[in-house]
Amino acid sequence: MVPPELDPIDERVGPQSGLNRCMQCGKCTASCPAAFIFEGFSPRDIMLRAMKGEIESLVMGEELWQCAQCLSCAARCPRDCSPAGVIQALRIVALRSNPNIDHMRMIEDGVKVNLMKTGQTILPDTLVLPNDLLGPRTRKRYKASAKHRRELGYRAEDSRRVEIPEEDLEKIRILLRETDYC
Amino acid sequence: MYATVPKDMPKDDYYLLKSCQAGSWYPGIEKSLRYVLSTIDANFLDDPKQSSCIGCANHIGVTPFLPIVALNARNISLASLSGKRNVVCNCPTCYSNLKDCKNILDGSSAMRDRALKAMEKAGLEYNDSITITHVSEAYLANLDRIKAKAKYSLKGIRAVTHHGCHYAKIYYRDVASGNFERPTVIDDVLSGLGAEVVDYPERSLCCGLGFHHIMLSPDYTRAVTRRKYSGIIEADPDLLVTMCAGCTLSLDMCQEKVLQELGHKKDIPVVNISELMAILLGADPYLVAGIDLHGVPVEPLLEKIGVEGTR
Amino acid sequence: MSVKSTAVFICHCGGNISDEVDISRLKEEINRGGVEHVHDYPYLCSDEGQYLIRKAVAGGVDRVVIAACSPKVHEQTFRDCVEGAGLNRYMMDFANLREQCAWVGEEHCTDRAIDLVRGSVLAVQHAVPLQSYRFTPVNDVAIIGGGIAGITAARNLAKMGMRSFLIEEAPTIGGNMVKVGKVISPEKLSEDCAMCSLSPLMSELSRNGKVDIRANTRVVGVEGKAGDFLLHLESGPLLVDPKQCRSCGRCEEVCPVEVPDEWNERLSMRKAVYRPFQQSVPASYTIDPNACTKCGACVKACSFHAIDLNRGVVKSEVSAGAVIVATGHTEMDPSERHEHGYAVHPEVITQMELARVLAVNGPTKGRLEMNGRTPKHIVMVQCVGSRSDKPGSIPYCSKVCCIVAMKHASYIRQHFPGTEVTICYTDMRTSGPYETYYQEAQKRGVRFLRGRVGETVKKKDRVYVRVEDTLAMKATALEADLVVLSTAIVPSEGTKRIADVLGISTTPEMFIREKHPKLEPGVTSVQGILVCGTAAGAKDITESIMQAQSTAMNALGMVLEEAEVEPNYAVIDRARCDNCGKCVNVCGQNAIYMDEGVSIDPLACAGLGRCVSACPQNAISILGAGDDMLLARIDGVLGQKGKILAFLDNEIGYVAADSAGTNRLSYPNEVRIIAVPSVLRLERKHLIHAFRRGATGVFLGDGSAHSSSGASKETLAEHVAVLRMEVEAAGIDPRRVFFYEAYLPHFKGLAARLTSFQEQLAAMERKE
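Chains as they are written, first to last, in this note's numbering: chain A, 195 to 376; chain B, 31 to 341; chain C, 3 to 770.
Keep in mind that the hints were calculated from the coordinates and are not lab data. Careful: at least some of the hints might be erroneous.
In silico lysine to aspartate or glutamate, DMTMM-like type, Cα no more than 25 angstroms apart, as pairs [what the hints assert, rightly or not]: (1) Lys132/B to Glu248/A; (2) Lys147/B to Glu364/A; (3) Lys179/B to Asp268/B; (4) Lys132/B to Asp274/A; (5) Lys462/C to Glu264/B; (6) Lys445/C to Asp463/C; (7) Lys334/A to Glu333/B.
With the Cβ distance kept under 10 angstroms, some of the chain C side facing chain B (calculated, not the full set) [what the hints assert, rightly or not]: (8) Glu338; (9) Glu341; (10) Pro393; (11) Lys461.
Glycine included, every Cβ here is placed at the ideal spot set by N, Cα and C.
Produce the entire structure from the sequences given, and follow the hints as far as they go.
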């Protein structure tokens with residue numbers, strides 16, 4: 195059964211989520227890259243808890259944020275369920291109720307500002323790669339990216355070469371307001 | 031036995047759905063895409079009015095679905111009314127996210143009604159007569175035109191491919207070539223241009239980006255790119271071709287360190303399919319494809335292909 | 003109207019009827035209707051009662067109406083009685099004065115009785131003498147497919163003295179069971195030799211004079227109908243004459259062509275001229291026409307002159323009274339399920355391939371050896387292609403894979419100590435005695451891991467199986483040097499092809515569809531064609547044998563004796579028919595076929611009457627249920643205005659109404675019931691006629707969808723919708739036609755619906 199807490203939020207927690215047909219076979223977890231990295235992370239277990247209605251414990255936990263949304267679970271599920279879709283919907287619930295995820299709320303706010311200002315979700319400065327993922331040569335080249343961006347005719351502050359006209363931005367803002375986004 | 035779903039891939043009249051990730055990280059992908067479509071004389075519209083699809087925030091789980099559906103109702107209508115009805119996405123996440131939204135809008139639900147009400151408030155009419163494809167499918171559909179105009183060939187190049195998960199695994203029935211476990215859209219394009227495309231272990235594995243993971247949980251990115259490259263190096267390729275700006279970022283930027291850890295000495299240039307097509311059609315590798323923005327130098331590959339003017 | 007030669011007999015049923023119905027008023031009314039011979043008797047079914055009837059017939063009466071209990075109780079008794087008196091048994095009509103009159107309600111019983119008897123009197127005027135359909139079938143049975151199911155069916159028919167043709171496409175009979183190597187016997191907790199149990203049966207058949215084995219033969223066409231089929235066959239090319247061949251094997255020695263051996267799952271090679279295996283039946287050598295290069299070496303080597311490389315395909319025909327389809331299954335090819343790496347990594351094989359490896363007559367002579375190496379860590383992957391809604395998979399459980407995996411795992415643990423075997427399962431399905439074998443496998447050290455495998459990858463020459471141990475909630479990569487896929491059971495190519503050739507229905511997965519899997523397993527959609535074994539879905543060997551035995555019994559019943567069918571089937575008037583074929587398409591029983599014009603098989607016809615209303619030429623009628631009789635009965639039972647006419651199907655609806663009476667449930671006085679073969683028999687004209695005669699409503703009750711020979715719910719719904727539309731077009735409110743899906747156990751529902759329909763009609767009247 196689909197837990198009532200999830201019902202109004204997202205169409206994807208409806209029939210296509212599979213919360214009414216998951217058979218707990220574990221093919222999702224076996225196919226999940228995150229499950230082999232984060233101890234105890236299991237999309238199958240998330241489905242089980244969601245089916246049992248343990249929404250509270252799910253949204254308060256950190257597992258929800260360990261999924262990388264590669265959708266291997268949904269692609270391989272023999273019952274055509276989508277654990278990743280359920281996770282997407284639960285993340286929205288968590289944003290409203292879990293006090294320990296301010297770092298995610300920062301991303302939420304950043305996206306909101308970007309969208310209202312430019313109609314873009316991600317801008318060049320939205321994501322900064324952590325230094326320790328990069329080798330020394332890559333680090334050097336990564337630092338020079340702003341300059342090469344300009345060479346291509348793209349500004350440092352926009353992901354678009356030509357920005358969205360102001361009158362269209364106004365329509366975008368109306369859509370975002372009318373859907374209670376801000 | 032997953033029969034490849036024969037898909038009527040549109041060859042012309044494209045509406046470019048620009049990706050904010052590509053524009054932010056590898057603007058050369060977008061520039062290359064325009065270059066390719068102009069060079070092969072395909073009709074397309076680069077509409078400045080189009081907004082971001084919010085697909086990445088949708089997956090990160092920081093934006094509710096309703097505003098996403100509403101914004102894409104507008105994008106779909108823009109394309110429908112423009113006369114260029116074949117929406118071609120630069121990014122697999124745009125591709126699947128747009129299909130998600132179209133499904134909601136084509137159905138009947140409270141969410142659809144609310145999204146359309148918002149459209150009405152914004153003075154917009156919902157209009158849907160579009161097709162949705164990924165740009166790599168457009169290249170496959172136009173392979174003959176690309177081959178006819180190509181200045182260089184990939185003969186003698188050993189390539190591996192990585193198809194975006196959001197292209198293959200969400201609308202898995204719609205994969206244009208191969209199947210979701212082993213999509214071969216880019217493979218077909220590359221081998222059509224002379225490359226030797228080889229398989230590798232972990233072919234269907236994620237690129238490691240995971241959106242917020244690369245920033246907030248780099249353990250994930252580190253472990254997955256390592257697993258991915260441990261498979262790729264078994265094929266010992268000259269080139270890794272991607273179809274998504276996000277996959278390019280993760281596999282390109284993390285490669286130096288990962289290959290070092292794995293003890294593999296040879297660089298494997300990571301190039302997006304649009305960049306590669308543009309270069310083969312004679313585009314400037316720096317001013318159009320923007321290869322300077324890549325973590326792994328692309329020049330050695332270009333020299334092998336015989337591209338002139340590398341620095 | 004002259005009803006002079008009609009006699010009506012009213013039974014008191016010892017007060018059951020006469021306490022409620024005013025018999026003298028009833029007699030008076032019927033008399034007034036012109037019937038002179040109206041008699042009553044306390045127990046009409048007694049010898050004395052029946053004597054009254056015989057006496058009347060002897061006195062010149064040629065039509066009889068029995069007004070008594072339900073025809074379901076005593077109709078046959080009185081038909082026998084009438085026949086005994088020298089009248090055709092169908093010159094009699096029955097009025098149900100007990101279950102559907104006296105027992106329904108106390109008031110107005112007599113009115114209803116008068117109407118019912120009047121209906122019978124008018125109807126019986128249109129009765130004509132009818133004969134049962136008798137038919138002598140061809141005694142032989144054709145069995146298509148020579149696996150364990152076909153072999154069993156042939157043996158059983160032979161034991162009962164019946165001759166059969168066993169038609170097998172391969173060069174030998176034996177089927178999949180030849181390849182499985184070992185079979186489990188759960189009681190003994192042992193793995194026995196499959197060939198040792200199968201081979202004696204095969205050689206017994208080859209000597210059995212009652213079984214004509216046609217190997218290397220395909221069925222390419224069928225004509226005729228139940229009791230008299232003609233199958234068109236194509237054999238060969240039989241380049242080796244089985245009658246000349248002495249199986250010396252010299253041809254094989256000299257043959258220069260080598261191709262993969264399908265009897266060893268292509269794990270070893272065989273020659274172009276070969277014998278599939280030592281115990282093959284027929285025992286002859288055979289030449290694979292696709293592999294043979296016609297070099298002629300074998301021709302020279304054969305001292306019996308058995309080989310002629312220029313022979314072509316030979317056509318032949320066999321006649322059979324019944325056909326048994328036993329074309330079996332095949333293992334799903336897992337190579338398109340890329341996540342498992344089959345056909346990419348040589349370390350990944352199927353259970354059938356493992357069966358060949360473990361078989362003493364297999365490619366390794368029974369040594370556990372794959373690609374020249376002896377595996378030490380084996381992982382078995384369950385549910386590959388089964389229990390999945392994904393494209394290319396089948397949704398059902400393939401039923402035998404859990405047991406096959408356990409069989410191989412236990413055998414390996416027993417015979418190759420030190421080998422680790424892990425079975426990754428979704429659910430272990432070991433019903434019945436196999437549970438003890440499950441325990442035995444655990445005792446022998448087979449590891450069971452509860453989790454469905456995600457993928458198999460090979461890195462640096464090592465193979466890993468990724469799976470979640472769901473009970474420990476741990477994602478893990480098992481290292482393996484042999485991965486065995488338990489793949490789904492899917493219909494064989496032969497099964498798919500024969501369904502098309504014979505025109506029998508299939509399931510979405512292309513197995514042969516059983517007409518009613520619960521009540522009529524082994525019966526296909528076409529009368530006279532039966533199915534057994536895995537052609538009808540996944541089964542283990544024992545289940546296949548059991549179904550083959552019962553199917554043989556069923557076939558025996560079809561071919562042994564003269565068939566007799568009561569005259570209530572559809573007949574066609576060829577003079578009117580213009581061969582438009584509409585009836586062929588609407589017949590749910592496949593009883594109508596084209597054969598020098600439209601023909602109807604009385605054996606297959608269920609007499610529901612769908613074809614009658616579909617025929618634009620009015621060329622079809624149902625014996626004993628003609629229009630004139632039906633319209634006359636409507637006239638009779640409606641009597642005065644204001645009645646509700648209830649048409650109930652004979653099988654379910656009418657019996658439910660009897661049950662309502664038996665349980666003394668009442669329904670409105672206005673209701674008059676007429677039995678019909680099915681609601682499908684009714685046409686616009688019948689309903690319009692009823693309304694013109696003053697009916698306020700027409701109640702259509704049909705439960706035939708619940709019986710195995712009935713119409714489908716969809717067909718009924720469609721038919722009723724059309725009737726409603728036609729009634730509306732004639733200016734009648736379509737709400738006056740009510741459809742009720744009858745259920746036998748829910749007779750209360752029938753009574754309640756009749757009541758609510760009456761209330762609804764009354765409310766409509768008030769409004770008007």
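Okay, the hints, checked on the actual structure:
no.	hint	verdict
1	Lys132/B to Glu248/A	violated (31 angstroms)
2	Lys147/B to Glu364/A	holds (16 angstroms)
3	Lys179/B to Asp268/B	holds (23 angstroms)
4	Lys132/B to Asp274/A	holds (20 angstroms)
5	Lys462/C to Glu264/B	holds (8 angstroms)
6	Lys445/C to Asp463/C	violated (32 angstroms)
7	Lys334/A to Glu333/B	holds (22 angstroms)
8	Glu338	holds (4 angstroms)
9	Glu341	holds (5 angstroms)
10	Pro393	holds (5 angstroms)
11	Lys461	holds (5 angstroms)
Checked against the numbered hints above, the structure violates hints 1 and 6; every other hint is satisfied.
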